[in-house]
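Required output: the full structure, derived from the provided sequences and hints.
Number of protein chains: 2
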Amino acid sequence: MSHISEPTVRRLSNYYRVLEEVAAEGKRMISSQLLAEREGITSAQVRKDLSAFGSFGRRGLGYHVEHLRDEIRALLGLDRRWKACIVGAGHIGSALVSYRGFADQGFDVIAVFDADQDRVGRTLEGLVVRHISQLGPKEGFEIGVIATPVRAAQEVADALVAAGVQGILNFAPRKLKVPASITLRTVDMTMEFESLSYALTHTSDSGPRRRRSAPRRRA
Amino acid sequence: MSHISEPTVRRLSNYYRVLEEVAAEGKRMISSQLLAEREGITSAQVRKDLSAFGSFGRRGLGYHVEHLRDEIRALLGLDRRWKACIVGAGHIGSALVSYRGFADQGFDVIAVFDADQDRVGRTLEGLVVRHISQLGPKEGFEIGVIATPVRAAQEVADALVAAGVQGILNFAPRKLKVPASITLRTVDMTMEFESLSYALTHTSDSGPRRRRSAPRRRA
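These protein sequence lines are chains A and B, in that order. Here the first sequence is numbered in my numbering, starting from 3 and rising by one per residue. Here the second sequence is numbered in my numbering, starting from 3 and rising by one per residue.
Please keep in mind that the hints were generated in silico from the structure rather than gathered at the bench. Just to be clear, a hint being listed does not mean it is correct.
[As the list claims (entries may be wrong)] In silico DSSO-like pairs for lysine-lysine, Cα to Cα no more than 27 Å straight-line:
1) B:Lys50 - B:Lys29
2) A:Lys85 - A:Lys177
3) A:Lys50 - B:Lys177
4) A:Lys179 - A:Lys140
5) A:Lys50 - B:Lys179
6) B:Lys85 - B:Lys179
7) B:Lys50 - A:Lys179
8) A:Lys179 - A:Lys85
9) A:Lys29 - B:Lys179
10) A:Lys177 - B:Lys29
11) A:Lys29 - A:Lys50
12) A:Lys179 - B:Lys85
13) B:Lys85 - B:Lys177
14) A:Lys29 - B:Lys177
15) B:Lys50 - A:Lys177
16) B:Lys29 - B:Lys85
17) A:Lys85 - A:Lys140
18) B:Lys140 - B:Lys179
As the structure is a prediction and not an experimental result, all values here were calculated from the model.
Dropping the structure here:
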């Protein structure tokens, strides 16, 4: 399959999650209508996205749930394991170390680093926090996760690149510079807050959604 | 200012962060070129985005840092406070309670709820975790943060809506259904993982970025 756009990859992620749920419910087939409904998009979009996989959909029957799930899993690279390390053992880093979703998606966190001597030596989910100076190419990390304060993020990104990672997942709200050969994804909570703040501020302007006092009970 | 698209709001968030940094460095003026460089976009895009604010930019001089920062802050609604509650006192919820970014962006977390009796009564950053059954409209929550497992997320969203929140920030990897009057933003880490996994898998296909053994040292 040739290049797939970022929005399409995101929709495939969503279909994958729906298919996992539906498979767990024991259903064998799913219609494009149902997939569309769960995602709030049109069924035409679903059929277009899934047509890339060849003709799984059968008119009147829909898609074979397990088959489609496995195809999307393989496409997203979720059928293999990645060796990952986390840099930053603060709150976010600690949450991530114990985040089951990492393992579910094939990320094996095999090391945690921090620059703070107070944190070095502590144990998080069975991993001893090591000093950042020990981060190097020997352990063959494929993915590095940045969970440090903003001011340290670029330096850590450079260290991860030097250590040979292929991909970086960044939780610091800062645009990072990495070589073109490195895949970078940023989870920017700050931006979601600001987007929410913007939306609330501007819907407030128009009145009906702003109820600062005596909120109406809706249920 | 009329409606601004979601991508523009995101770029404004980024400019805001750069302006805060530059202001902290004591700089008085900034050029569209420098703003563009920090964000990896064209200076024409920067000028287009900022033209909406009126003519702050002066040819050859650039933008007045503090003035522009304050204008963007007001536009994003960061110059006021929001009363927020967090539902879910697990790892993500705990990380969020102590996340300074919340307060910086005007979100005052004034309550934490959980359904698990083992967590109820514990103290997180000075807040006693309360049972979810106590979530109601009396406290005037404006924003609800969902940090629960996926299976509880929709039920919690319904409870937040019933409690009168105007906005929901969702950390559970699930599309939620809320009334059209409610602003919903989702921070989907799962999707970023999968996007990273997809990108790494498919760059691996073509060879040069895949170095499973003996990673080349680059620094």
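Comparing the hints with the structure gives:
{"no.": "1", "hint": "B:Lys50 - B:Lys29", "verdict": "holds (23 Å)"}
{"no.": "2", "hint": "A:Lys85 - A:Lys177", "verdict": "holds (24 Å)"}
{"no.": "3", "hint": "A:Lys50 - B:Lys177", "verdict": "holds (21 Å)"}
{"no.": "4", "hint": "A:Lys179 - A:Lys140", "verdict": "holds (23 Å)"}
{"no.": "5", "hint": "A:Lys50 - B:Lys179", "verdict": "holds (24 Å)"}
{"no.": "6", "hint": "B:Lys85 - B:Lys179", "verdict": "holds (22 Å)"}
{"no.": "7", "hint": "B:Lys50 - A:Lys179", "verdict": "holds (24 Å)"}
{"no.": "8", "hint": "A:Lys179 - A:Lys85", "verdict": "holds (22 Å)"}
{"no.": "9", "hint": "A:Lys29 - B:Lys179", "verdict": "holds (22 Å)"}
{"no.": "10", "hint": "A:Lys177 - B:Lys29", "verdict": "holds (20 Å)"}
{"no.": "11", "hint": "A:Lys29 - A:Lys50", "verdict": "holds (23 Å)"}
{"no.": "12", "hint": "A:Lys179 - B:Lys85", "verdict": "violated (36 Å)"}
{"no.": "13", "hint": "B:Lys85 - B:Lys177", "verdict": "holds (24 Å)"}
{"no.": "14", "hint": "A:Lys29 - B:Lys177", "verdict": "holds (20 Å)"}
{"no.": "15", "hint": "B:Lys50 - A:Lys177", "verdict": "holds (21 Å)"}
{"no.": "16", "hint": "B:Lys29 - B:Lys85", "verdict": "violated (34 Å)"}
{"no.": "17", "hint": "A:Lys85 - A:Lys140", "verdict": "holds (12 Å)"}
{"no.": "18", "hint": "B:Lys140 - B:Lys179", "verdict": "holds (23 Å)"}
The structure is inconsistent with the numbered hints 12 and 16, although it conforms to all the rest.
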